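Here is how the chains run, residue by residue.
Number of protein chains: 2
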Amino acid sequence: MGSSKKKVVIVGGGFGGLSAAKSLGNTEFEVTIIDKNNHHLFQPLLYQVATAALSPGDIAQPIRTELRSYKNINVVYEEVMDVKKDRNKLILTDGEIEYDYLIMAPGATPNYYGNDQWQEYAIGLKDLNDAISIRERVLKSFEKAEHNIINNQPFKHLTTFVIVGGGPTGVELAGSISEISRKTILKDFKRIDDKEIKITLLDGADRLLNSYKKSLSEYTLKSLEKMGVEVKLNTFVENIDEDGVYTSGGKIESSNIIWAAGNKAAPLIEKLNTDVDKMGRVKVNPDLSIPDHDNIFVIGDASYLVDPNGVEVPGVAQGAIQGGQFVAKLLQKKIEKGKYFTYFDKGNMATIGRAKAVAEIAGMKIKGISAWLIWGLIHIFFLIDFRNRLKVMLEWFWYYVTFKPGASLILDNKGGSEKED
Amino acid sequence: MGSSKKKVVIVGGGFGGLSAAKSLGNTEFEVTIIDKNNHHLFQPLLYQVATAALSPGDIAQPIRTELRSYKNINVVYEEVMDVKKDRNKLILTDGEIEYDYLIMAPGATPNYYGNDQWQEYAIGLKDLNDAISIRERVLKSFEKAEHNIINNQPFKHLTTFVIVGGGPTGVELAGSISEISRKTILKDFKRIDDKEIKITLLDGADRLLNSYKKSLSEYTLKSLEKMGVEVKLNTFVENIDEDGVYTSGGKIESSNIIWAAGNKAAPLIEKLNTDVDKMGRVKVNPDLSIPDHDNIFVIGDASYLVDPNGVEVPGVAQGAIQGGQFVAKLLQKKIEKGKYFTYFDKGNMATIGRAKAVAEIAGMKIKGISAWLIWGLIHIFFLIDFRNRLKVMLEWFWYYVTFKPGASLILDNKGGSEKED
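Protein chains in written order, with the working numbering: chain A, 1010 to 1430; chain B, 1010 to 1430.
Among the hints, a few may not be true.
[What the hints assert, rightly or not] Here are a few chain B residues that face chain A, going by a calculated C-beta distance under 8 Å:
no., residue
1, Gly1066
2, Arg1073
3, Lys1196
4, Ser1224
5, Glu1227
[To be verified] Keeping only pairs whose Cα atoms sit at most 20 Å apart, straight-line, the calculated EDC-like set for lysine to aspartate or glutamate is:
no., chain 1, residue 1, chain 2, residue 2
6, B, Lys1199, A, Asp1252
7, B, Lys1196, A, Asp1202
8, B, Lys1165, A, Asp1103
9, A, Lys1199, B, Glu1039
10, B, Lys1199, A, Asp1286
11, B, Lys1199, A, Glu1037
12, A, Lys1153, B, Glu1369
13, A, Lys1153, B, Glu1105
14, A, Lys1241, A, Glu1205
15, B, Lys1149, A, Glu1037
16, A, Lys1196, B, Asp1202
17, A, Lys1153, B, Glu1087
18, B, Lys1165, B, Glu1105
19, A, Lys1149, B, Glu1087
20, B, Lys1080, A, Asp1203
21, A, Lys1080, B, Asp1103
22, A, Lys1149, B, Asp1103
23, A, Lys1207, A, Asp1250
24, B, Lys1153, A, Asp1250
25, A, Lys1080, B, Asp1109
26, B, Lys1153, A, Glu1105
27, B, Lys1080, A, Asp1202
28, A, Lys1199, B, Asp1203
29, B, Lys1149, A, Asp1103
30, A, Lys1149, A, Asp1203
31, A, Lys1165, B, Glu1039
32, A, Lys1199, B, Glu1037
It should be emphasised that the hints constitute simulated quantities derived from the structure, not laboratory data. Keep in mind that this is a model prediction, so the values were computed, not measured. Glycine included, each C-beta is placed from N, C-alpha and C at the ideal position.
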């Protein structure tokens, strides 16, 4: 390692980190990418794992495999514990690593706005384990409901689902849970009546998909209501416990609460000890570096920037990818120093259900089946590799035709008991 | 539930239990099938999940979904704690259930022959969690080996794999681990040399696949050796601890030990309080009922029977399926009382690697690519549903062409640390 090559260390193998790494692949830099997961996750489809439509392996790929062809890139599967800015060094769980340039792309975690005790009852959706937990909780609730109906015990809290947050993730989860529970899961549970399934989507704002055009928000609201989702706007969560959600509009008894009410920067970012906004995101310089350290960059969901066009770079895949590419070019001097990062908006889209979506692309508003087809094509296209594309297409086609989900497994094989034999 | 219909309770949703349930589907019986897992598992392909070739969802299906179309079948996702033979009642974790007829099909668990403390270091392969544990242990070992090589620490125990037991499962695991580690995983780990990977298959007998014809055992041995597997016959395990395996032929340092040295009946079977063999299997009557209780039957891996042709019914899928069908016919009086169960041997087969397998069908010995194609077709054909068939075919084809495995995910996202952020 005594080479004179400049060392770039990238923290995080999400969209931002991977994009930076690939842009620095086969260059003169010695690149190391560190992640505490061994895989890159295609997060836009994570809700489909949570609702048993896809398997974890369909939307994830080992970071090593993804970067296999670049000779100058090392992949380290470890957790970063600390950043020593003044010694150009990272402390890992087992060892340390020096850098000339540091690109921080640690992503975000669910934001409970100071109420972390809610996390136990209201799972957020950030990684595959969250998705599997949600899937198992939903399936086990149906199992328990059937059991309680047979035994004349209360069961309605088990067939009530509450999703907190009406952004794209909340909308996708609400639509998807409504569809999958009514159209497929219910067929397997003979004693549960369709009428007993209640799905509520809460948001504090006066409309869903707040960042979209108003007409799309209205379309989304109507579509969800038609699908049997109860949408409660202008509604604030006051407390969450094992019994359910206490809102400004009353209590909802539920043992299936999902938290989709926003994110904050990953806690690691605090180690940078620099100025952050109220979501914990680093207020980066216009070239994505941090104040006082022009060899450290923060990209993706963990950074906050209003670009020269006055656009706040959004916490979406495109923001992270473009940030990664920008920093990689800057290091290679393909961009002159002093040039600022600008975000190019390729559009936004969210699915509501089968053959229903909304999209905003190049100023156009698109909704219904055409938005859904565009959504499907784009997501298939950006999926990690050809194999996953084929598999996911097959799963979707199969589900579209048969309404049979692909992955309704409970891996926690305890059958209601805490003991294993 | 106060109907006058006869109640059949089936314990276990494996091949035996499911076959009994389907054979009793839409009959005059009120059937309940109980399993502590929510899914039926296609066990013959479980080793492919352990070696990251397939995803859990590819080889498993919820029992409810599988039996959805039968109106007279209830599915209960619970664990059976006790059997009250004299009161015709089962005790579940939460409640109890009465039966007129009981079909016990609880399957088997790995047999450590009194050395259960070895289990911690040498995982057996019986369910999806075992397969995922093995997959993660193998992948993490490569990660740790790469880490140790960089840091000049010992690593050979991490790239040494020991499989104990040279039956079909042991052979399939050894061949598959050899192939996947050398041809695919290694491409992602730039610092590990092919020569450092050591795979050892141990067996106490003087040949592999003891129940097959001798020439097939020899072919299997040669094929495995050509693939770089070291096969040690006439070798007994004396101890296993965190450092490795101590055998009659010396110590092998390894942190990747897999136990495939045989099974014993599931512990639940002890609750029947009836005569068992040394593998804990119930010595059933010729009609698969148990002594003194002609309304209780034991089928599949948990039963021991030599049939009227002098054939010991083997602990394989076909033995369980045929047992389930037999008991279902007996209850429906399609078979007259007093008639004995006979096992029909449809053949045996085991894969060694890509385009290599051995099979014995109708007295014929088949080996090489033809056996492998037959193996593939039969396994695809018997897979649970059409969707899984398509997916698994696609995975195999993809892997055959690219050598890229489908599911190399580590879900335990701790990156070498015990802490999560």
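Against the structure, the hints come out as follows:
1. Because the closest C-beta pair between Gly1066/B and chain A is about 4 Å apart, less than 8 Å, the hint holds.
2. With a cut of 8 Å, the hint placing Arg1073/B at the interface with chain A holds, because the nearest CB-to-CB distance is about 4 Å.
3. Taken as an interface hint, Lys1196/B checks out: its beta carbon lies about 6 Å from the nearest beta carbon of chain A, inside 8 Å.
4. Taking 8 Å as the C-beta cut-off, the interface hint given for Ser1224/B is violated, the closest approach to chain A being about 37 Å.
5. Given hint, Glu1227/B at the interface with chain A, is violated; its Cβ is 36 Å from that chain's nearest Cβ, farther than 8 Å.
6. About 51 Å separates the Cα atoms of Lys1199/B and Asp1252/A, which puts this hinted pair outside 20 Å; it is violated.
7. For a cut-off of 20 Å, the pair hint linking Lys1196/B to Asp1202/A is broken: about 52 Å separates their Cα positions.
8. Straight-line distance between C-alpha atoms of Lys1165/B and Asp1103/A comes to about 19 Å, which keeps the hinted pair within the 20 Å bound.
9. Restraint check for Lys1199/A and Glu1039/B: satisfied, since their Cα atoms lie roughly 14 Å apart, inside the 20 Å limit.
10. Distance hint between Lys1199/B and Asp1286/A is unfulfilled; the C-alpha atoms sit about 40 Å from each other, more than 20 Å.
11. A C-alpha spacing of about 18 Å is found between Lys1199/B and Glu1037/A, which places the hinted pair at or below 20 Å, so the restraint holds.
12. A distance of roughly 45 Å separates the Cα atoms of Lys1153/A and Glu1369/B; the hinted pair therefore is violated under the 20 Å criterion.
13. About 15 Å separates the Cα atoms of Lys1153/A and Glu1105/B, which keeps this hinted pair within 20 Å; it holds.
14. A hinted pair counts as satisfied when its Cα atoms are at most 20 Å apart, and Lys1241/A with Glu1205/A qualifies at roughly 18 Å.
15. For the suggested pair Lys1149/B and Glu1037/A, the alpha carbons sit about 30 Å apart, so the restraint of at most 20 Å is broken.
16. Restraint check: the Cα-Cα separation between Lys1196/A and Asp1202/B comes to about 52 Å, which exceeds 20 Å; the hinted pair is violated.
17. A hinted pair counts as satisfied when its Cα atoms are at most 20 Å apart, and Lys1153/A with Glu1087/B qualifies at roughly 10 Å.
18. For a cut-off of 20 Å, the pair hint linking Lys1165/B to Glu1105/B is broken: about 52 Å separates their Cα positions.
19. Distance restraint check for Lys1149/A and Glu1087/B: the Cα-Cα separation of roughly 11 Å lies within the 20 Å cut-off, and the hinted pair is therefore satisfied.
20. Using a Cα cut-off of 20 Å, the hinted pair Lys1080/B and Asp1203/A holds, with the two alpha carbons roughly 18 Å apart.
21. For the suggested pair Lys1080/A and Asp1103/B, the alpha carbons sit about 57 Å apart, so the restraint of at most 20 Å is broken.
22. Taken as a hint, the Lys1149/A and Asp1103/B pair is honoured in the structure, with Cα atoms around 14 Å apart against an allowance of 20 Å.
23. Between Lys1207/A and Asp1250/A the alpha-carbon distance is near 19 Å, which keeps this suggested pair within the 20 Å criterion.
24. Of the pairs offered as hints, the one joining Lys1153/B and Asp1250/A is violated, with about 40 Å between alpha carbons and a cut-off of 20 Å exceeded.
25. In summary, the hint linking Lys1080/A to Asp1109/B is not supported, as the alpha carbons are separated by about 68 Å, beyond the 20 Å threshold.
26. Restraint check for Lys1153/B and Glu1105/A: the C-alpha separation of about 15 Å stays at or below 20 Å, so the hint holds.
27. Using a Cα cut-off of 20 Å, the hinted pair Lys1080/B and Asp1202/A holds, with the two alpha carbons roughly 16 Å apart.
28. Restraint check for Lys1199/A and Asp1203/B: the C-alpha separation of about 54 Å exceeds 20 Å, so the hint is violated.
29. Straight-line distance between C-alpha atoms of Lys1149/B and Asp1103/A comes to about 14 Å, which keeps the hinted pair within the 20 Å bound.
30. Between Lys1149/A and Asp1203/A, the direct Cα distance comes to roughly 17 Å. Compliance with the 20 Å bound is thereby established for this hinted pair.
31. Our distance criterion of 20 Å between C-alpha atoms is broken by Lys1165/A and Glu1039/B, whose separation comes to about 27 Å.
32. Proximity of Lys1199/A to Glu1037/B is assessed by CA-CA distance (about 18 Å); at most 20 Å being required, the pair is judged to hold.
Violation of the numbered hints given earlier is confined to hints 4, 5, 6, 7, 10, 12, 15, 16, 18, 21, 24, 25, 28, 31; the remaining hints are satisfied by the structure.
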